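Novice: Okay, here's what each chain looks like letter by letter:
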Amino acid sequence: DTGVSQDPRHKITKRGQNVTFRCDPISEHNRLYWYRQTLGQGPEFLTYFQNEAQLEKSRLLSDRFSAERPKGSFSTLEIQRTEQGDSAMYLCASSLEQGIRTYEQYFGPGTRLTVT
Amino acid sequence: DQQVKQNSPSLSVQEGRISILNCDYTNSMFDYFLWYKKYPAEGPTFLISISSIKDKNEDGRFTVFLNKSAKHLSLHIVPSQPGDSAVYFCAASEWAGNQFYFGTGTSLTVIP
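Protein chains in written order, with this note's numbering: chain D, 268 to 383; chain R, -7 to 104.
Hints in this document: simulated from the structure, not taken from any laboratory.
It is possible that part of the hints are untrue.
Derived EDC-like pairs: lysine to aspartate or glutamate, alpha-carbon spacing no greater than 16 Å straight-line [as the list claims (entries may be wrong)]: (1) R:Lys60 to R:Asp76; (2) R:Lys29 to D:Asp330; (3) D:Lys324 to D:Glu311; (4) R:Lys30 to D:Glu311; (5) R:Lys30 to D:Glu371; (6) R:Lys29 to R:Asp51; (7) R:Lys(-3) to D:Glu311; (8) D:Lys324 to R:Glu86.
Here the structure is a predicted model, which is why all the values come from computation and not from measurement.
Whole structure, please, built from the sequences with the hints as guidance.
Specialist: Take a look at the structure:
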């Protein structure tokens, strides 16, 4: 299976702890996106990479959130000092920058974070 | 502020009939529009898209219509099948696809 994978699928943590999620995109895709989704809402854009460069970041993204894509392949999303409001599904998506196909994002299954 | 809106949280349709899902947007700079389907415990799956230079795009049973003057798009599924039961999200992007905005989703149930 060469789809987008995310690890872990579920994470339960206590408030104040740091957590890190990993996303492995489709291998030839050079674009990678992170989203957050809460119950009853659509995915909310967090940040976007083209290769290893982080080119867009939502103004809603707290300073406690940081993302990296060190070699232009997998990406990590870290949340420091987690708060209960961080509880959500974190989705990763990738796409290939190739004309109209640039817009077709392929999503992973997500990491469900619960902050207690 | 919600730039992409899906005002119908749910829709039920008989198998074989047409399903019409609606989406409205506010940002006139949006250049590309997409529909995604989502099953429980899975990430969204790309379904069909349309560029702002077109007003219709078809792919098998799925057709997306875009009305730029009304800032409205719709997804038509004909004929509807029970396997189409899922949550459908519309999404929009400005040129270059650097950032995507999603609606809140419509849960479609196709009744056998």
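Novice: Evaluate each hint against the coordinates.
Specialist: To see whether the hints hold, each was checked on the structure:
{"no.": "1", "hint": "R:Lys60 to R:Asp76", "in the structure": "violated, 27 Å"}
{"no.": "2", "hint": "R:Lys29 to D:Asp330", "in the structure": "violated, 32 Å"}
{"no.": "3", "hint": "D:Lys324 to D:Glu311", "in the structure": "holds, 12 Å"}
{"no.": "4", "hint": "R:Lys30 to D:Glu311", "in the structure": "holds, 15 Å"}
{"no.": "5", "hint": "R:Lys30 to D:Glu371", "in the structure": "holds, 15 Å"}
{"no.": "6", "hint": "R:Lys29 to R:Asp51", "in the structure": "holds, 14 Å"}
{"no.": "7", "hint": "R:Lys(-3) to D:Glu311", "in the structure": "holds, 13 Å"}
{"no.": "8", "hint": "D:Lys324 to R:Glu86", "in the structure": "holds, 15 Å"}
Checked against the numbered hints listed earlier, the structure breaks hints 1, 2; every other hint is satisfied.
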